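Colleague: Working from the sequences, and respecting the hints, build out all of it.
Sequences listed follow chains L and A, in order. Residues in the first sequence are numbered consecutively from 1, following this note's numbering. Residues in the second sequence are numbered consecutively from 1001, following this note's numbering.
Since the hints were derived computationally from the structure, they do not count as laboratory data. What you are looking at is a predicted structure, and each value in this text was computed from that prediction instead of being measured. Where hints are given, some of them may not hold.
[Claimed, not checked] In silico SDA-like cross-links for lysine to any residue, where the CA-CA straight-line distance does not exceed 25 Å:
#1 A:1102 with A:1044
#2 A:1060 with L:109
#3 A:1192 with A:1213
#4 A:1229 with L:2
#5 A:1306 with L:116
#6 A:1380 with A:1302
#7 A:1395 with A:1360
#8 A:1380 with L:119
#9 A:1195 with L:256
#10 A:1060 with A:1071
#11 A:1380 with L:57
Each chain, written out:
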Amino acid sequence: MLFVMQLLNGLLDGVYYLLIALGLSLIFSLGGIINLAHGAFYAIGAYLTLVLAPRLGFGGALVVSPVLVAMLGMLVERFLFTRYYRLDPLYSLLLTFGLAMVAEQALRMIFGAAPLSYSIPDFLRGQVFIGDFIYSRYRVFLIVIAAACVGGLWLLLEKSAFGRVVRAGVQDPDMVGALGISLRPYMAAVAGIGIGLAGLAGVLLAPIYTIHPAMGAEILTPAFVVVVIGGLGSFWGVVLAALLVGLVKGAMVGLGFSAFSTAAIYFLMLAILLLRPRGLFGERITRFE
Amino acid sequence: MTKVSTISRRRLLQAGAGAAAFTLAAPPILRAQDVLRFGHLTPRTGFLGPLGEYAAMASKLAVDEINAAGGVLGRPIELLQEDSVNPQTASTKAERMIERDKVACIVGEISSASGLAIGQVAQRTGTLFMNTGCNSDALRGSDCQKFMFHIEAQNSMYVKSIGQYYVREGLVNGKSWYSMTADYAFGHDLLKVAKRFMESNGGSFAGSALVPTDATDFSAYLLEIRAAKPDLVILNLAGQQTTNFFKQYAEFGLDFPLGGFGFDMALAWAAGKGNFVGSWPSVWHHLVDTDSSRQFVSAFTERHGKPPENQAWGDYNAIKIIAQSMQETGSTDSADIVRHLESGATFDVLKTREGYFRASDHQFMNEMYGITALPADQVKNQWDIFTSSEAVPGKDESLELIAATGDENACTFPG
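Modeller: Structure, rendered in structure tokens:
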């Protein structure tokens, strides 16, 4: 029974990675930018919560901080990413690595290196019991928001004119250009959405994780693992990978091998890459082959 | 190239003469050869970075206070601070500080692995190293060094001091614990000491989980703990993990008593009132009520807008102890200071009783405290979120009562 609970809990845990991983995947698929600064935007989202929540309440911060982070993301896209779209991804790797360090150090200079405190707002405190399964009310809220965002993003990409252009841009940007559509505004929008989602994750996780300058680096690695397992360019691949990673972690703890719960997700990645080098549902993107 | 050639020879001579004149005219306090350099190495980034920041702020404060009072043997101290990063980098930077910058001593470190690396460099070069934050017993036992001293309490001191409290509260004899242990040297060392303590006091373990050091989510562990129904949950996690655990423990509404054998106040402050629970050992805290302690707290708070925590205590006092030893021996030579520290010289470290270094393993003997989290409705501000026990050991007891005995943790200094 406990083991079943662990699997269920693991699945739900996977949802937290999803908000970060989806943005990473989108930005890479469209622009070829490996955004190592993605975690930094997550951290900025969390710190913005600290600044905004006393004035606007948690609800206000939940809306405003991701928007501010998205705007910051679009600025970074406009002035930095645009110069790197046509270059080897190695260059953007260097750029975003530097950007991540600058952001982390800036947070350290402004807010100090010591972790800062932030708690779950009173109206979301408490637990829910389903049979013997205990879960936190806040996490239910978190998962509802995350699921809504994932659903919304899917609708946007699959069912809207905007999404059609983005998907075409992922496959063949030159052909999109030949058809007279400039990808520039789409790329800016995708960077804004992807980075805004990271900011949202920052707000959502601020009450249950520690807020400290290096929190971005902390979450980036598992998010990358999720993207790699899921396969680039695949929306549902990333979703499935996030759930799978959570499931494996939960199973390891449930089986009493907690010490290997992190190592296990890397083995999972290794196994999947050996069987499917493009990840679970990775599409063949000609320009990256 | 063109830039260099535009500076005329005459300009160059003028500049050189100016610089020379400045050097000659400068008061002795500015002349490099009179400055006494102290090296400070501690992690400033990574999961120990937040604690390292307190260490850096406190060591700077100590040096500024010493310099304002006339320096050491009439020489001002210059503090060289660096991020020790990891054992390899720590060892390289320690070497550079000693060989190139000619530091008189090295102070700092929090990670036991890096502490070990710096200790080896210190031993090889005959330079004093004062460890301010590594708890591992092995550093005072199998890995002990003649030139390495420890102001930070060892794991055994943390376990024995708070262990007595758990025994008094009836949480040990016939009771079961669930332990959460960070999966690296510090955690393993601590788990070993905790098991020894439990076995000798009639307790058992309901469960024991090793936690990867990069784990941030504890919901899976919370489900395990809830099912195991322990009498006490023992937390020996790494850095920010402790804060995450506090927050999520409250989130899931678990109410088994909580405690642990390693503790840093910064992590409790980050968890905040209501989330921070349980009883913990502490080498010092900002509510210790002595004159010197109050003075340190007010000087630190005035400068940084927040009170110092236990890591700040270690680095502040380490520098004060070394400066005082140099003053008392009239020498800045490491070998002389080592002899002085081994002689049983006593030092005020902001507590009711003075402490001393034990010659057998270079561990600083001094009082410790047990602190207990206040319920949320009794907390008045974000810093004073706990109450403290009297100093342990009690005032008529030997300070060595809580330290590891020679049998438990033998040290033979390498010749």
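Colleague: Does each hint fit the structure? Answer for all of them.
Modeller: Hints and how they fare:
| no. | hint | verdict |
| --- | --- | --- |
| 1 | A:1102 with A:1044 | 22 Å, holds |
| 2 | A:1060 with L:109 | 17 Å, holds |
| 3 | A:1192 with A:1213 | 18 Å, holds |
| 4 | A:1229 with L:2 | 13 Å, holds |
| 5 | A:1306 with L:116 | 12 Å, holds |
| 6 | A:1380 with A:1302 | 20 Å, holds |
| 7 | A:1395 with A:1360 | 23 Å, holds |
| 8 | A:1380 with L:119 | 17 Å, holds |
| 9 | A:1195 with L:256 | 19 Å, holds |
| 10 | A:1060 with A:1071 | 13 Å, holds |
| 11 | A:1380 with L:57 | 22 Å, holds |
Checked against the numbered hints given earlier, the structure satisfies every one of them.
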